[in-house]
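Student: For the protein sequence lines, the chains are U and P, in the order given.
The numbers in our numbering rise by one with no breaks, and the one at position 34 of the first sequence is 34.
Take any residue in the second sequence, note its place counting from 1, add 1000, and you have its number in our numbering.
In short, the hints are calculated from the structure, not lab data.
Just so you know, even glycine gets a beta-carbon here, dropped at the ideal spot from N, CA and C.
It is possible that part of the hints are untrue.
Pulled a few chain U residues facing chain P out of the computed Cβ check, cut under 7 Å [to be verified]:
1) G289
2) K543
3) P545
4) D559
5) T562
6) R609
7) N616
8) F621
9) S627
10) D629
11) P631
12) W681
13) L684
Derived DSSO-like pairs: lysine-lysine, alpha-carbon spacing no greater than 27 Å straight-line [said to hold, decoys possible]:
14) K524(U) x K452(U)
15) K58(U) x K1038(P)
16) K452(U) x K204(U)
17) K58(U) x K231(U)
18) K1230(P) x K569(U)
19) K135(U) x K306(U)
20) K568(U) x K1230(P)
21) K75(U) x K58(U)
22) K569(U) x K378(U)
23) K58(U) x K1131(P)
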Amino acid sequence: MTWRPDNRLALENDGSRVDVRDKVTGAARYTTDYYPEGLLWASYIRCPYGKAFLRSSKLEAARAAPGVVEVELEKQEGTYPGDRLGHICAESRQALEQGLAALALEFERDRPATDIEREKKPLETFDEDPSVQEKQADLERIFSEAAHTLERTYQTQVQTHSCLEPHNSLVDYRGDHAIARQSTQATFSVRNELTEVLGLPPDKVEMHCEHVGGGFGSKFGLSPEGQLAAKLSKKHGRPVRVLMNREEEHLDNGLRPGSLQYMKLAIGPDGKLLGGRIHTWGSVGPVGGGGGTSNPSRYNFGIVAKTHQDVNLNSGFPRAMRAPGHPQGMFAVEMMMDELAEAAGMDPLEFRRLNETSDVRRAMLDVGAEQIGWHRRKPSGTWEGPLKRGFGIGVADWGNSPGEATITIHVYPNGNVEVLSGSQDIGTGFRTLLVDCVAHQLGIDRARVEAKVGVSTYPPGPGSGGSVTSRFVAPKALGAAEQARQDLRQRVAREWGVPADEVAAENGVFKHADRTMSWNEACKLIGQDRLTVTEKENGIFWKEPTGSEAVQFAEVEVDVETGIVRVKKVVALQNVGQAVNCKTVENQITGGVIQGISFALFEDRILNRQTGAMVNPNLEFYKIAGSRDIPEIVPIIWQSRPDAGVNSLGEPPVVPTPGAVGCAVANAIGVPVRRMPITPWRVLSALAERDGGAV
Amino acid sequence: MQPFNYLIADTLDAALAEYAENRPVLKAGGIDLVDRMKERLATPAVVLSLGEVEVLRYIEPEGEGVRLGCLTTLADIGRSELLNSRYAALAESAGHAATPQVRERATLGGNLCQRPRCWYFRAIHFHCLKKGGATCFAVEGENQYHAVLGGGPCHIVHPSNCAPPLVAMEALFVVRRAGAEERVIPAREFFVLPSSALDRENVLAPGEILTEVRIPRAPDQSATIELREKQSFDWPLAMASVARVDGRRWNVCLGAVAPVPWVSEEAAEVLGSADITPELAARAGEAAAQAAQPMSDNGYKTQLIKVAVKRALLKAAGQEVPA
Ligand SMILES: Cc1cc2nc3c(=O)[nH]c(=O)nc-3n(C[C@H](O)[C@H](O)[C@H](O)COP(=O)(O)OP(=O)(O)OC[C@H]3O[C@@H](n4cnc5c(N)ncnc54)[C@H](O)[C@@H]3O)c2cc1C
Ligand code: SF4
């Protein structure tokens, strides 16, 4: 028999998410929906201030509070708001809260470091760096040859992940084995860390994660919530839940570091970037780093000497956040591009086309310009009346290397199909992707396929970070389905007594001459309990990757009397290689844009300068874009090649938005607001500064 | 949240009696109170709910004016045809406050009596002046949302969006206490500055319930402008309500910029009872902002006052303003 693989992919599929009904009716079960018998509650005891020493506590009173099981203080000194000083464990959530209240912690406060500008080393310090020194001659030449040189500093704020579902874990240690549930982006990494804490082998720890209410990079590893739940479950031999509250979410579950970005760039007489000097500072936790910024990036910058400093503050630690380093880096990059274009007297679109590194993006720029109506853009600051329109552009891309995963599918004699992966659906539609890949490759209705995911006993798969899940897994899901299809074809051929390669298998129907057999009939030929196929190779379904290029155009309206910015429209073009399910792809693009707008205009982790405590650890004054703040968003799924494979999507769409919005605001009001979030306060300040006043 | 006893009143008299005698904490919609209980800022032993006293939920025209029961929700107000057509300043502000869910639950009485949203006040680890401590953290700290008028020693802004239009429309607040005559207080005298009382924001004495809001006469013209950072789920940075009642002079009341709904005499003086022109509206805005004394980070509010007053006047005069 000749092996005739069919490697078409699911094209233009527009089905709804397979779990949409479960989610809107509440049937979808999250970690907190499980209440095993004997459940204990635990939480950390925290220091609310930036830098403080625990002067007194009523440990005995807390231990004596009704329902409190144990209270331990492990350290006295807090070095960031939310710092974990100890823990408390109780029979109920109520008892936990009362125990915490009874503790009556009293602190001696010290002056905290809260301001990146004040704590950073001066720029000159980094000019001594060998990497700068070795380019010194080039830089001098560039600046002397330049038609225009601009020197600018941009600032971006700290953004917290603000997952709707807080970090939480439920560990049930039962002596010789354990069952755990955790809201995570990486089922297997949680399971692996649990084996260490619990002292059990991997096959004795079962980890479940059915649904996740957002992670954005902050839910990798066992994490503090899982560490504490595991430790206490082992100690007490009972299931233990650790559930963060909203304040803890903001303080101690990761963040996108703030940045200051200095750029001195030169352009030649033709408008081409020649290069220059870039230094970035990133605000990070009291120790360690993680504040890197992807600046310079995407455009052809020429010769750049780049240095970076992580600035330690008495504030929470960074954790990967949806495209770590990129949205903040590209905010500064795009703003600088517009300022340079302005200096050169060029249209920002033209200026970008000229300095673009990617042909794909150049084509996307043209289509996007048409879609937003770029011709309506007026020279900066020339609109009449208090409401000014502005237009801006942002770009991005993402890497697409292949990676490991295993997929198992079961075809049952009744024609139903299951597809299994231990990887988790973090809300992006991983189940839907699996179902659509398998259903399409088998040529059957998607209602016949069920995806089972997020259990560590299922086949191994990646953690959802770096936008890898679909790209790693889809080729295996398609490959497994293809194998099953071939297996059934052989069975049908054997049944009919004809050569297998003469049997056509399309759209779930098997054909030879004038004979046909339906999917259901064919599945009855499965001899055993079911047909099981496992695939861990990419095979023919891995295709030359694209760059997951992204281009966005934003149109804003700014009220120059009030400084209020409203985004009116965003056109978001996104190359994803092959779209498996259009709705979930558009959903990712739209979600990225919303998160980007929210970052550009609203979100801000604000620390009190005297105490280091966060003044807005809630969703009231930590402002996130609401329904009326969301503009018309036009997601455009870009296909650069017809034969592309399934590529990255999760991160790239959030990258261009802040830059595009920032540029649009500058175009509208005629003066750049170089610091995010672009609030009325900042807009009015920028306008007043230009006019020689202050706000 | 700490455990508490929950009493549900079924009549106003029962509520008044219980309230006077045992001093429970009063709950209407609970949006504000329950929040403070969750944060352990309020730890009442007994909570008395007014929620079942349905007779306190009404919008009744009376004579030239209207009466509103204290349990009328913000959503009721936002939906009312009568209020939208004749008391626009109030309907607009109530109809846009917070979110649809909050508005369905939040009552007019609770809105007028809610505690401030100052972020130091709302966090248990800031023992500030208003909570009996020694400092106002806003003075040297983050104060971008604090007061630019009437502040000191505490610099909160009054959180109610319903208050400025009611003050501008010369509303009366009816207050009851067990065994006492009802007190009728002009809206503008109901609220008190921190300089005269730190632990409360209004004149209510223990045992008193705000039962009704009366607007004796529908204004000839009225409007409210609120300026918000976000258009969903957010508080205004500044607002202005304006009204002209019975052909008399204009009233201008500012919100979100002072510890009380702030009556701008300066703006009223500029306006007199004149018909609104763009030039006059702008001058009134300038006048309203004149006395502003910004803190380190809220100078931008001065500009917002000017714009809010100007636009509210133009809107009241039936002119298009940027929305
Ligand atoms: C996210 C969010 C955004 C918001 N945005 C806005 C906004 O933009 N504008 C705005 O105005 N509000 C806003 N609010 C506040 C909300 O409108 C108020 O919290 C609500 O109106 C309070 O009404 P309630 O009936 O729930 O009061 P409760 O919480 O029941 O009571 C509030 C306080 O008033 C007292 N009280 C209640 N009724 C009476 C009475 N009849 N007599 C005497 N005392 C009484 C209570 O004892 C309590 O101290 C927002 C709230 C949230 C959560
Ligand atoms: S403004 Fe008032 S409530 Fe806020 S910190 Fe100062 S004293 Fe406390």
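Student: Give a verdict on every hint.
Tutor: Hints, verified against the model:
A distance limit of 7 Å between C-beta atoms decides the matter here; for G289(U) the minimum to chain P is near 27 Å, and the interface restraint is violated. The interface hint given for K543(U) is violated, since its Cβ lies 42 Å from the closest Cβ of chain P, which is over the 7 Å cut-off. Because the beta carbon of P545(U) sits about 39 Å from the nearest beta carbon in chain P, more than 7 Å, this interface hint is broken. Because the smallest distance between the Cβ of D559(U) and any Cβ of chain P comes to about 6 Å, under 7 Å, the interface hint for this residue holds.
Here the hint on T562(U) is kept, as its CB sits about 5 Å from the closest CB of chain P, short of 7 Å. At a threshold of 7 Å, the smallest CB-CB gap from R609(U) to chain P is about 6 Å, leaving the interface hint in force. For N616(U), the suggested interface contact is upheld, since its CB lies about 6 Å from the closest CB of chain P, less than 7 Å. For F621(U), the interface hint holds, since its Cβ comes within 7 Å of a Cβ in chain P; the closest pair sits about 6 Å apart.
At its closest, the beta carbon of S627(U) sits 5 Å from a beta carbon of chain P; the interface hint therefore holds under the 7 Å criterion. Hint on D629(U) holds. Least Cβ distance to chain P is approximately 5 Å, under the 7 Å limit. The beta carbon of P631(U) comes no nearer than 11 Å to any beta carbon in chain P, farther than 7 Å, and the hint placing it at the interface is violated. Given the 7 Å rule on beta carbons, the hint for W681(U) holds: about 4 Å separates it from the nearest Cβ of chain P.
Annotation: interface hint on L684(U) holds; nearest CB of chain P at approximately 5 Å, less than 7 Å. Distance hint between K524(U) and K452(U) is fulfilled; the C-alpha atoms sit about 23 Å from each other, no more than 27 Å. For the proposed pair K58(U) and K1038(P), the alpha carbon gap of about 21 Å is at most 27 Å, so the pair holds. Distance check on the hinted pair: K452(U) and K204(U) sit about 20 Å apart at the alpha-carbon level, within 27 Å; holds.
Note on K58(U) and K231(U): the hinted pairing holds, with a Cα-Cα distance of about 24 Å set against a maximum of 27 Å. In summary, the hint linking K1230(P) to K569(U) is supported, as the alpha carbons are separated by about 16 Å, within the 27 Å threshold. For the hint pairing K135(U) with K306(U), the CA-to-CA distance comes to about 10 Å; that is within 27 Å, so the pair holds. Taking the CA atoms of K568(U) and K1230(P), the gap is near 14 Å; set against the 27 Å cutoff, the hint holds.
Distance hint between K75(U) and K58(U) is fulfilled; the C-alpha atoms sit about 15 Å from each other, no more than 27 Å. Distance hint between K569(U) and K378(U) is fulfilled; the C-alpha atoms sit about 16 Å from each other, no more than 27 Å. Among the hinted pairs, K58(U) with K1131(P) is consistent with the structure: their alpha-carbon atoms are about 22 Å apart, no more than 27 Å.
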